[in-house]
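Protein chains: 2
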Amino acid sequence: MRVYLAGPDVFVPNPLARGAALKAICARHGLTGVFPLDDLAGGDPPAWDALPEAFRIARRNEAHIAGCDALVANLTPFRGPSADAGTVFELGFMRALGRPVFGWSNAAAPFAARTRAAFAASQAADGTWRDAEGMLVEDFAPLGDNLMIDGAIAASGGVLVTSDLPRSQAWTSLDAFAACIEAAARRLKA
Amino acid sequence: MRVYLAGPDVFVPNPLARGAALKAICARHGLTGVFPLDDLAGGDPPAWDALPEAFRIARRNEAHIAGCDALVANLTPFRGPSADAGTVFELGFMRALGRPVFGWSNAAAPFAARTRAAFAASQAADGTWRDAEGMLVEDFAPLGDNLMIDGAIAASGGVLVTSDLPRSQAWTSLDAFAACIEAAARRLKA
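Protein chains in written order, with numbering that gives the first Met the number 0: chain A, 0 to 189; chain B, 0 to 189.
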């Protein structure tokens, strides 16, 4: 079974070493990890030659996802209270293909609490929380991120695994990833 | 033609009025706008009764998207340099269904510049930009957001329309939306 490894792991200082580490954990559980920086089997289609590099990368990642049986997303908050935008796009893409999606995060605090703290939100007279721009802060307390993300993971039969770690370990610890892969392997073989 | 109106417009102080305003602009161009807060035709399936409210909302939005011919996403930066996570998920979902996706944003500065400014990024010896956590800042200068988002819009035949406005008008101006709907209507009738 092939598992697409979505996440901002492509942005760490040594992304190829990170990809190898993630794939080794997958292999221990009988899964083949596909990292976004991998080449496509057979290379890129010639029709993509004229595309700018960024758009070739986007097409390649879409093709990787379409060729996998499941997706495991690193949902550790990235430059804000939510996960990396590219990762979230890919999770939505796989969800629409009807295959299982899983998440892991090195932050355990719920999305609502993280957002309220980061944006100095205050409670309006009607009880809703609003940020400084007046925009509603979703208040679905146990969720780990926007409800579309947690909802897709639950609806697809996936799980979200979190580690309660100091922020300094956000981009290094793979404990939650390993636990998520173990759960994904169990689910995919069931 | 039915167009799903993805965006943090559901978080403004009066989201029903916002939805009505967006739908009125769609109607002027012969399109039917579907707002995330709309009921499903026929109501929710009884199988969803046991779900928590957040997960019912997620299922409903997925069903709305599946029932539309195209998606138009409000990609105005939301609590960080990227678009709202739920919106990005939905854009990825529709892209995987193979239908056109469009974007509009009330910020015109490219993603790379916005991210570097918001996260005090610095340039490493190898020329790459890194944030304070050492994570790479994508440097594809003309793109409006993460390359998966711009890539999907381009690959699907959509467009991204931006308005160069002060941040105080981020959640009020509908000029970019109106221009985006006009482009979407042209494309969908072609």
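You may find that some hints are simply not true.
The list cannot tell twin chains apart, which means a pair is met if one copy fits it or any two copies do.
As the list claims (entries may be wrong) - Derived SDA-like pairs: lysine to any residue, alpha-carbon spacing no greater than 25 Å straight-line:
id, residue 1, residue 2
1, 22, 132
2, 22, 131
3, 188, 78
4, 22, 137
Calculated from the structure, these hints are not laboratory results.
Exercise for the section: Can you give me the call for residue 22 and residue 131, within, between, both or neither, at a CA distance of at most 25 Å? Expected result: neither (42 Å within a copy, 27 Å between copies)
Problem - Up to 25 Å CA-CA - residue 78 versus residue 188, copy category - result: Neither: 35 Å inside a copy, 39 Å across copies.
Exercise for the section: Can you give me the call for residue 22 and residue 132, within, between, both or neither, at a CA distance of at most 25 Å? Expected result: Between copies only: 24 Å across chains, 42 Å inside a chain, cut-off 25 Å.
Handout entry: Identical-chain pair category, residue 22 with residue 137, by Cα at 25 Å
Key = between (35 Å within a copy, 24 Å between copies)
The structure is inconsistent with the numbered hints 2, 3, although it conforms to all the rest.
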